[in-house]
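Given next are the chains, with one letter for each unit.
There are 2 protein chains.
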Amino acid sequence: MADIDPQIARGTPASGSTPGVTTGPIRGSRKIHVGPLKVAMRAIDLEPSSGEPPLNVYDTSGPYTDPTARIDIMSGLPELRRDWIRARGDVEEVAQREVRPEDNGQLGPDRSASAAARSGNRNGGVQPFPNVRRTVLRARAGANVSQMHYARRGIITPEMEYVATRENLGREMLREYTRDGESFGAAIPDYVTPEFVRDEVARGRAIIPNNVNHPESEPMAIGRNFLVKINANIGNSAVASNVASEVDKLVWAIRWGADTVMDLSTGRNIHDTREWIIRNSPVPIGTVPIYQALEKVGGIAEDLTWDIFRDTLIEQAEQGVDYFTIHAGVRLPYIPMTAKRVTGIVSRGGSIMAKWCLAHHKESFLYERFDEITEIMKAYDIAYSLGDGLRPGSIADANDEAQFAELYTLGELTHRAWKEDVQVMIEGPGHVPMHKIKENMDKQLQVCGEAPFYTLGPLTTDIAPGYDHITSGIGAAMIGWFGTAMLCYVTPKEHLGLPDRDDVKTGVVTYKLAAHAADLAKGHPAAKLRDDALSRARFEFRWRDQFNLSLDPDTAEQYHDQTLPAEGAKTAHFCSMCGPKFCSMKITQEVRDFAAKQNAPVETFVAAEEAEAGMAGMSKLYNESGRELYMGAGGREHD
Amino acid sequence: MADIDPQIARGTPASGSTPGVTTGPIRGSRKIHVGPLKVAMRAIDLEPSSGEPPLNVYDTSGPYTDPTARIDIMSGLPELRRDWIRARGDVEEVAQREVRPEDNGQLGPDRSASAAARSGNRNGGVQPFPNVRRTVLRARAGANVSQMHYARRGIITPEMEYVATRENLGREMLREYTRDGESFGAAIPDYVTPEFVRDEVARGRAIIPNNVNHPESEPMAIGRNFLVKINANIGNSAVASNVASEVDKLVWAIRWGADTVMDLSTGRNIHDTREWIIRNSPVPIGTVPIYQALEKVGGIAEDLTWDIFRDTLIEQAEQGVDYFTIHAGVRLPYIPMTAKRVTGIVSRGGSIMAKWCLAHHKESFLYERFDEITEIMKAYDIAYSLGDGLRPGSIADANDEAQFAELYTLGELTHRAWKEDVQVMIEGPGHVPMHKIKENMDKQLQVCGEAPFYTLGPLTTDIAPGYDHITSGIGAAMIGWFGTAMLCYVTPKEHLGLPDRDDVKTGVVTYKLAAHAADLAKGHPAAKLRDDALSRARFEFRWRDQFNLSLDPDTAEQYHDQTLPAEGAKTAHFCSMCGPKFCSMKITQEVRDFAAKQNAPVETFVAAEEAEAGMAGMSKLYNESGRELYMGAGGREHD
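In the order they appear, the protein sequences are chains A and B. Counting in this note's numbering, the first sequence runs without a single skipped number right up to 639 at its last residue. Counting in this note's numbering, the second sequence runs without a single skipped number right up to 1639 at its last residue.
Hints in this document: simulated from the structure, not taken from any laboratory. Bear in mind the structure is a predicted one, so any value in this text is a computation, not a measurement. Check each hint, because a few of them may be wrong.
Unchecked claim - Here are the simulated distance ranges between beta carbons:
hint, chain 1, residue 1, chain 2, residue 2, range
1, B, Asp1303, A, Arg592, 57 to 65 Å
2, A, Gly35, B, Ile1300, 51 to 59 Å
3, B, Asp1593, A, Gly35, 58 to 66 Å
4, A, Glu52, B, Ile1300, 48 to 56 Å
As the list claims (entries may be wrong) - 27 Å max Cα-Cα, derived DSSO-like pairs, lysine-lysine:
hint, chain 1, residue 1, chain 2, residue 2
5, B, Lys1586, A, Lys340
6, A, Lys438, B, Lys1586
7, B, Lys1570, A, Lys340
Unchecked claim - Covered stretches of chain A, going by a simulated chain B footprint (3 or more residues, C-beta under 8 Å):
hint, region
8, 463-471
9, 562-568
Here a beta-carbon is modelled for each residue, glycine too, at the ideal position from N, C-alpha and C.
Produce the entire structure from the sequences given, and follow the hints as far as they go.
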């Protein structure tokens, strides 16, 4: 993306695959905007023969799937929340901190920034985002701009109203609220009011991550009593990828359902890459600031300092990052607890902090300086994602002493952050066999005051690299059912390499289905609407409806067409699995038709007594046709 | 496969993809044969630097992965069990029933067999298996050749000994038997003795499916107290596939781990296809005889008769089918219970029987004639797989009245079969949301006397066609944990079309990882050995070992090489996910090396008091180097 071609920057229709981003509606879906806040959703229209209204589904894809939107990734998205933020009157404009070469990993030969500046090479050939704002927002002195602060003062913000409408979309279709699930003590309401959202945020049981400098974001909530959310990870590494790929992956990930995206870049051009991403993202963006801080000291963990870290927090806060992963629980006394582990410390941030602590023989500066970090968070409304630096990276290490020691510290820090009305979520494992998953949820609820839990899987076995989206999809579905609020995806490339865009899609769809399976099991009152609509379409051979209602209509149709591509097959009452004679759904329909022709309601068609009386008569009818049947009525006598 | 080229029939090395079957070792594995019965397994050799012995793993791939075996699919596999069967002296040779055109779906224009014979077209161009035996075995008059019969008479057969060795393979590596799991009351032993196998089979809690006419099979057990097993489905349909593809899929499926295979063909050449499959299968083969019976009556369910069905049972029994799915629980009074369902009856066999029952207004002949079916089963040692014809095919229908009514009947039939010492397993659902899964297991255990449970998934949501191997992998892992003995795979093509060989592999590996996750969670004493070995290899950057220990070494290596293909990368201490600076595993090793250099055991490196005393001194060291550090010891004072 050295020089961005404006035509490419305006997006590529969904059928294209040139550099740029994928635009255009998802097959079968129509973008709608609901209510005075014009909350974005999708409507799936069904065939008239179904007699069913359109099904509305939650939508994370942003303006990219809106055919009326003008997409220009060089300009970024519209600032949806701008007026709401300013109307609160508690922010001021400040000059943005100047971007330095080391922010983009540019260091001179002696690894100093000045050497890089002298060499005149800003950023190794990558174009900075062309429309960087010269001023950014920050809380006025003494103000706290976090949604939790407003919520605790009884204020219902437009963001909370947006969330309520978004979370309600399915419920409006229900005529009655029946509950069929096991939520393990969650408090999922029949109907989500803005007041309910306010109360959940005030309690800390939900967060609405949205930095005042990310006005492009469509507000969303992460919390046990809302729909289970998923996160996709993007970002380059020193070995692979570039800015164009990362923006493309962002848009691709949200197209398929990612509720938030983390930019985990660890390579070059971290600052500029992030700017392109945030400006073009309708979903909250998370980061792990320690990565960029490490780049600034040339990769030498021991050289990290509080000042560099603090400066990095400001840099990223001004760009608009919505949540920071902070590994403040990797405390010096805990590090030796990992000595006997099979896979030690698998978290990048955790291992960096562990190295720093041991090298300096000092307590973690993230822990020591936590209250100062909190002051920064509240000036921009950035949420904490308290990192699980000591999470288990193998089945052998699951639920060990190191892991839970850190969890207890995260609980302590949650309450410290809440004293300042700063939003918090808690990161979780990892690799955990199924029988140990619930313990994680129970402990986290107990220790962290019901702050939202945000797990990575967990993977339920180590033996299937190449399939870790599945080994972890199992654990994710289960821990989502038990109460986890957001599930961080895992792609097929986990443990093996950096994911490409196909891997991103596979990871996202896998985690969407896991999150939905959790919603169903929790008894979310509206979750089942989509399953039922799809199953009715399946039963009635409305193939297009079945595809359009599914999480990935393109793949569903493609798989069907591999063996039955003809257009006529889309209304055929069979598929290639069984063919026309054996299709059980077709036969079931014949059974129902037959029963109906007998002019009896199928339900009462064969009451036990009637059956015995009638069977002999009916058998006689058949015998008259000359067919020989060895059939007994009730097993007692033969005709 | 109209004329089989003998060279192709001898197999194709694993790198090939020409018509034929895939042979050659699985990457990194070495075939071994253990004990006096030469039980087949695989050994995975690890790099010398690991200091670890080879890891033995359970192996279903048969002689195809044995480089010393001579493969000739025109001759079939060696008759492993031949002498054991004959030595029992309770079988006699009989002339095989003659194959008729209608056995291969050949009917004349008036749908009669004679017309087909007159037309001289035996089987539409497919070559019958060239080495069909002219005589087959059957129990002598009055004898019962089922493994359950022997077990109940206190006899330990060679089959039971084989099973014990196979199930023990990992346990021999354990120095101690620690249990870490939750088995919900299962009785998994520390060590599997042949006596334990006998007892489980005698109780009906496990089955060893092996027809006396399938002597090529390597004995295996299906039961809650053994390793969780998986089944793969193959078979053509009227719309797709051919014999060559099906034999190839068989060998491909067992290569990747299928413990049994069901031939669900519903198209042409059912008899000949099955002969090719059984003669070349080292794993038990299951079928659903009603499919072939339906083909014989030209697809008209109402024309099915007991005689045709019985004849089909004999035909298939003589070929060597090891278990039959019999939908004897689809009883006439239950059919109306499906009327209100969203997806009616989704089982092919179930819908066929429902159609028959309603058309004739009679009780199912499978139910009425059950005892006569049992007489056939015991003459060949064929196990019942009591079919779940009324299983739910959508989330909406899960755990409904029809489903459990059938389950109660299956319980009744289990006890009737056991009266005759005939082996039984029970088929299960289907589509079940997570919160309803355990109820299925609990009811089945209660009602069916702990007969092994054999479920299809279950799928935990309906909304992801194209990904149903995953929606069902979640449910399968969970129900396997709860006690299900065998999991029937689901491929990405479920609901959309017939699976190809890639789909077969994806389905098999998905179900292998789900079964293994279940073994881990149940606390199988040896399951964790493989996870631990792989995680150690991962941590030590023994990339080749990591790939070789995984369920799919080819894919793991391929994914790694997509971004780091160079040979040197196979020993590199990073991959493209994070690159050299950020690899947490590399950093963890550095942390351990650093701690070791301090000449202190890492475990006691920083005891709390020592830390406080030592920190000030260490900080002083760093300060002397001139670096400015705002670091506090314990957060209280700055140097």
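Item to check | Violated hints - listed by number, lowest first | outcome: Hints 1, 4 and 6 not satisfied by this model.
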